[in-house]
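Peer 1: Position chains C and E relative to chain R; hints supplied.
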Amino acid sequence: MGTRLGALVERLGGQLVGDANLEVTGIAPLTDAGVSHISFLSNSKLRAQAAQSKAAALIVSAADDAFIAAGYSGARIVVPNPYVYFARAAQYFASLTAIVPAAGVHATAVVAETAQVAASAHIGPRVVIEDGAVIEDGAVIGAGCFIGREAVIGAETQLFANVTFHAYCQIGKRGIIHSGAVIGTDGFGFANEGGVYIKIPQTGRVMIGDDVDIGANTTIDRGALADTIIEDGVKLDNQIQIGHNCHIGAHTAMAGCVGVAGSAKIGKYCTFGGAAMVLGHLTIVDKVHVGSGSMVSRSILEPGQYTGFYPLAKNADWEKSAVIVRNLSAMRDKIRALEKIIKTKSEEDES
Amino acid sequence: MGTRLGALVERLGGQLVGDANLEVTGIAPLTDAGVSHISFLSNSKLRAQAAQSKAAALIVSAADDAFIAAGYSGARIVVPNPYVYFARAAQYFASLTAIVPAAGVHATAVVAETAQVAASAHIGPRVVIEDGAVIEDGAVIGAGCFIGREAVIGAETQLFANVTFHAYCQIGKRGIIHSGAVIGTDGFGFANEGGVYIKIPQTGRVMIGDDVDIGANTTIDRGALADTIIEDGVKLDNQIQIGHNCHIGAHTAMAGCVGVAGSAKIGKYCTFGGAAMVLGHLTIVDKVHVGSGSMVSRSILEPGQYTGFYPLAKNADWEKSAVIVRNLSAMRDKIRALEKIIKTKSEEDES
Amino acid sequence: MGTRLGALVERLGGQLVGDANLEVTGIAPLTDAGVSHISFLSNSKLRAQAAQSKAAALIVSAADDAFIAAGYSGARIVVPNPYVYFARAAQYFASLTAIVPAAGVHATAVVAETAQVAASAHIGPRVVIEDGAVIEDGAVIGAGCFIGREAVIGAETQLFANVTFHAYCQIGKRGIIHSGAVIGTDGFGFANEGGVYIKIPQTGRVMIGDDVDIGANTTIDRGALADTIIEDGVKLDNQIQIGHNCHIGAHTAMAGCVGVAGSAKIGKYCTFGGAAMVLGHLTIVDKVHVGSGSMVSRSILEPGQYTGFYPLAKNADWEKSAVIVRNLSAMRDKIRALEKIIKTKSEEDES
Numbered sequence: 001m002g003t004r005l006g007a008l009v010e011r012l013g014g015q016l017v018g019d020a021n022l023e024v025t026g027i028a029p030l031t032d033a034g035v036s037h038i039s040f041l042s043n044s045k046l047r048a049q050a051a052q053s054k055a056a057a058l059i060v061s062a063a064d065d066a067f068i069a070a071g072y073s074g075a076r077i078v079v080p081n082p083y084v085y086f087a088r089a090a091q092y093f094a095s096l097t098a099i100v101p102a103a104g105v106h107a108t109a110v111v112a113e114t115a116q117v118a119a120s121a122h123i124g125p126r127v128v129i130e131d132g133a134v135i136e137d138g139a140v141i142g143a144g145c146f147i148g149r150e151a152v153i154g155a156e157t158q159l160f161a162n163v164t165f166h167a168y169c170q171i172g173k174r175g176i177i178h179s180g181a182v183i184g185t186d187g188f189g190f191a192n193e194g195g196v197y198i199k200i201p202q203t204g205r206v207m208i209g210d211d212v213d214i215g216a217n218t219t220i221d222r223g224a225l226a227d228t229i230i231e232d233g234v235k236l237d238n239q240i241q242i243g244h245n246c247h248i249g250a251h252t253a254m255a256g257c258v259g260v261a262g263s264a265k266i267g268k269y270c271t272f273g274g275a276a277m278v279l280g281h282l283t284i285v286d287k288v289h290v291g292s293g294s295m296v297s298r299s300i301l302e303p304g305q306y307t308g309f310y311p312l313a314k315n316a317d318w319e320k321s322a323v324i325v326r327n328l329s330a331m332r333d334k335i336r337a338l339e340k341i342i343k344t345k346s347e348e349d350e351s
Numbered sequence: 001m002g003t004r005l006g007a008l009v010e011r012l013g014g015q016l017v018g019d020a021n022l023e024v025t026g027i028a029p030l031t032d033a034g035v036s037h038i039s040f041l042s043n044s045k046l047r048a049q050a051a052q053s054k055a056a057a058l059i060v061s062a063a064d065d066a067f068i069a070a071g072y073s074g075a076r077i078v079v080p081n082p083y084v085y086f087a088r089a090a091q092y093f094a095s096l097t098a099i100v101p102a103a104g105v106h107a108t109a110v111v112a113e114t115a116q117v118a119a120s121a122h123i124g125p126r127v128v129i130e131d132g133a134v135i136e137d138g139a140v141i142g143a144g145c146f147i148g149r150e151a152v153i154g155a156e157t158q159l160f161a162n163v164t165f166h167a168y169c170q171i172g173k174r175g176i177i178h179s180g181a182v183i184g185t186d187g188f189g190f191a192n193e194g195g196v197y198i199k200i201p202q203t204g205r206v207m208i209g210d211d212v213d214i215g216a217n218t219t220i221d222r223g224a225l226a227d228t229i230i231e232d233g234v235k236l237d238n239q240i241q242i243g244h245n246c247h248i249g250a251h252t253a254m255a256g257c258v259g260v261a262g263s264a265k266i267g268k269y270c271t272f273g274g275a276a277m278v279l280g281h282l283t284i285v286d287k288v289h290v291g292s293g294s295m296v297s298r299s300i301l302e303p304g305q306y307t308g309f310y311p312l313a314k315n316a317d318w319e320k321s322a323v324i325v326r327n328l329s330a331m332r333d334k335i336r337a338l339e340k341i342i343k344t345k346s347e348e349d350e351s
Numbered sequence: 001m002g003t004r005l006g007a008l009v010e011r012l013g014g015q016l017v018g019d020a021n022l023e024v025t026g027i028a029p030l031t032d033a034g035v036s037h038i039s040f041l042s043n044s045k046l047r048a049q050a051a052q053s054k055a056a057a058l059i060v061s062a063a064d065d066a067f068i069a070a071g072y073s074g075a076r077i078v079v080p081n082p083y084v085y086f087a088r089a090a091q092y093f094a095s096l097t098a099i100v101p102a103a104g105v106h107a108t109a110v111v112a113e114t115a116q117v118a119a120s121a122h123i124g125p126r127v128v129i130e131d132g133a134v135i136e137d138g139a140v141i142g143a144g145c146f147i148g149r150e151a152v153i154g155a156e157t158q159l160f161a162n163v164t165f166h167a168y169c170q171i172g173k174r175g176i177i178h179s180g181a182v183i184g185t186d187g188f189g190f191a192n193e194g195g196v197y198i199k200i201p202q203t204g205r206v207m208i209g210d211d212v213d214i215g216a217n218t219t220i221d222r223g224a225l226a227d228t229i230i231e232d233g234v235k236l237d238n239q240i241q242i243g244h245n246c247h248i249g250a251h252t253a254m255a256g257c258v259g260v261a262g263s264a265k266i267g268k269y270c271t272f273g274g275a276a277m278v279l280g281h282l283t284i285v286d287k288v289h290v291g292s293g294s295m296v297s298r299s300i301l302e303p304g305q306y307t308g309f310y311p312l313a314k315n316a317d318w319e320k321s322a323v324i325v326r327n328l329s330a331m332r333d334k335i336r337a338l339e340k341i342i343k344t345k346s347e348e349d350e351s
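Top line first, the protein sequences correspond to chains R, C and E. In terms of my numbering, the first sequence has 319 at position 319, counting the first letter as 1, and numbering is strictly consecutive. In terms of my numbering, the second sequence has 301 at position 301, counting the first letter as 1, and numbering is strictly consecutive. In terms of my numbering, the third sequence has 73 at position 73, counting the first letter as 1, and numbering is strictly consecutive.
These are computed hints drawn from the structure, not numbers from a lab. Please note: incorrect hints may appear among the correct ones.
A pair holds if it fits inside one copy or across any two, identical chains being indistinguishable in the list.
[To be verified] Computed cross-link-like contacts, BS3-like style, restricted to lysine-lysine with a CA-CA straight-line distance of at most 27 angstroms:
(1) K265 with K235
(2) K265 with K199
(3) K45 with K199
(4) K287 with K320
(5) K334 with K320
Values in this document were obtained by computation on a predicted structure and should not be read as measured data.
Chain R on its own, in the form it takes in the complex:
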């Protein structure tokens, strides 16, 4: 199964240089592509590699095309952003072989009578849907998912197997929630009375916008009194923890293992590298980029790239530097003492 280049360009745009009737069966990286594949050049450093690719066709920018056109004998699809075009082409090829879950409710699913399930939705085996929950058109609920009371799953949103989506929470349209994710668990809220913790009921919700992806085993706490908010287009990788009452702005992306403590307010178009951590009650403005393994312990009020992790070293070298880091104030004191001695000496010399 595949497509003609002409049909692909008709669907996705781009300027085709080459035979529109050429048949391609899939998409592959430059070095792996065979004669029935298309490939893409999104990094100009790989121009030489691209020119030698066996791919039937290359997705390429105009700037790169000028360089490879002479050496490369296949067809080219010239586009403004080859990586984005690759993504769309890959989506198209994937759609040719995708097995779309059939509409309907599996016989082993347990669906409350008061739940509203669209006729076009797919409810997999062993799913549990509680009272008053709403599953909109074309939504796919994978095997073993739990949907709590009055929760809402938006149109065309897909939950993979074994997702837990708690009562009253909502997700919009075209979202994806991967297996093992837990949405709407209680936030970590206690009052301390003489050392003993008294639980504060968590009565807010998790409200998730459209086009949001949530990774495997990621957890998002429901709000304490108000709601936890995830805006449109947010992309969360696996094993992320979002505390209660957080607000994550649209089109912000977080890599795996990130943790965000409660009531943090994060702007739009931010990125967080893997295992970055954000303390509670902070504000991070739009377009902030936090590096992997970095701890955000104060608000960030200026866009930009921020980092903070201890550099790796051979263990013996790290041990030396770690001892000095522990005693940095002693080092500073020594420098101050030296400065003083030299200053005194200079004054003596001058007098």
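Peer 2: Below, chains C and E without anything else, positioned relative to chain R:
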């Protein structure tokens, strides 16, 4: 649905200044509270905000009451610890609307004949309970939970949907385990024979006390030979990992993403910030507080607040400081050389 | 239930000094062992403790045996590697009481007609197995597991309750996957178009070798175009995240909470301490050992032990050192200034 202030004070204590017949419907933060809400002042910095709150009544300490009484026209409930009172009041309001799962075993649950399930317990859809397990009075086992052989779930303990609770492990009374948590998985124990790992069977249990809360997707390993112990009142947030044979003292709390390696012994009344890590076989005494993102690599034998994470900076600044950190011993050597030169010079000058 | 020492040595090897007819019922640590237990001495520092153990028999190296033989009155099993022998003996004792799940498919399992399930395999309650999946001889699929389309579970591999194993992925023989693990979730791959993320379909698989253990709530992403590879004998603890297209070499072990970003290539016989992190697209050669809480931000091309975490300190001390770390380049400038002054002064003195 709500309550009269008089009824609330009768139930929870506190000194009411104002109309005992005033009806309130819920609890809300100072700024969000409307005329049918009560609110609370637990942070004296917010006195001015409190005085202007629209809330029908305020929970307040005697010290703060002296300041706001003049400006605030609503009723006040004067108590020793407003935040604790808020927690209890919030529990009360939550109880008014809570939907208590009905006693009984859902038709789709798979319960072994030799399991003992109290008549007052709730066993949700798709639950699996193996041979000899015990579910005590009033326990709630959410949809899709797995309870292994001879495990014990104490009275009034609640497992949310999709918890895995393995064989022989026990949890006491009034606990909460959130979705996706896994209790009693094998510890990470191997003997290495020429590079190849030989598994050491993990035959201990996880023994959990009363009033313990365990967060979503948190994992607690069973002991290797002896047991892993979680004492009364411990509160664990989401995505925490507790290794085999750990012992966590009563009323210790850990925020999300904390990791504790095997055989660590942690005292009572400790707190761990998010993503703090504890190496194996360490001892941490009572009342130790470890900051977020901090690595505990040695035992802590003195109570207090401990921290250790690299401070965040603009990326360019971090790169500069990281290079120097890597070469701190060179910097120390330079300082020593300077000290030596100056010392020599001083001696020359004196001679 | 137990075994005679003679039978044990016949099965596992080792030189028995003592009564072959002595019956032992289990294995225990030196200090806990009673008169019906065997114990082991794998750390020479514990020789004195071993000599006083109540154990009926001790597993011991020849070197240690020379020291304890005089003081210890029980039997000894002298072996080259007591810890490995302990592991094998513990496996043997565990096998005596192990409850082996019966072959067959539970009535509540949902198994596709086109799936191939070996007659000797155990399929627990509530399991879902999709079209074309293969469950080989003696495999054990715990309650509530999900096995996707055309996935392969190798012979004698055990999945504990509530594992999610996605379509087309494969695991070899004698593996263990613990509860809550998710294998073959989509990798985190997007193209960014003007701030908005376009999903790149993840069409690769996860291919796992023989004798691989995967911990509770660990997640392994499927490849984007090519596959994610986990070689034979790899041991992964709980809550580990492995990104798409990673390649992990044989007999590498990772402790809990480790994260590996996409396309990292890790060698054989490596170890990673808890919460270590590896950035994407890096290469780590064989026999590299990364300490807990360390961030690997560049390729490691030389075997050895590497570390990088900020040392813990009392909070007040950390605050001092953190301020200086932030301003290390200012400190370096001061030292340079001092060096210059002294150099100038020396030149003046000499002139």
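Peer 1: Taking each numbered hint in turn, which are not upheld by the structure, reported in ascending numerical order?
Peer 2: none
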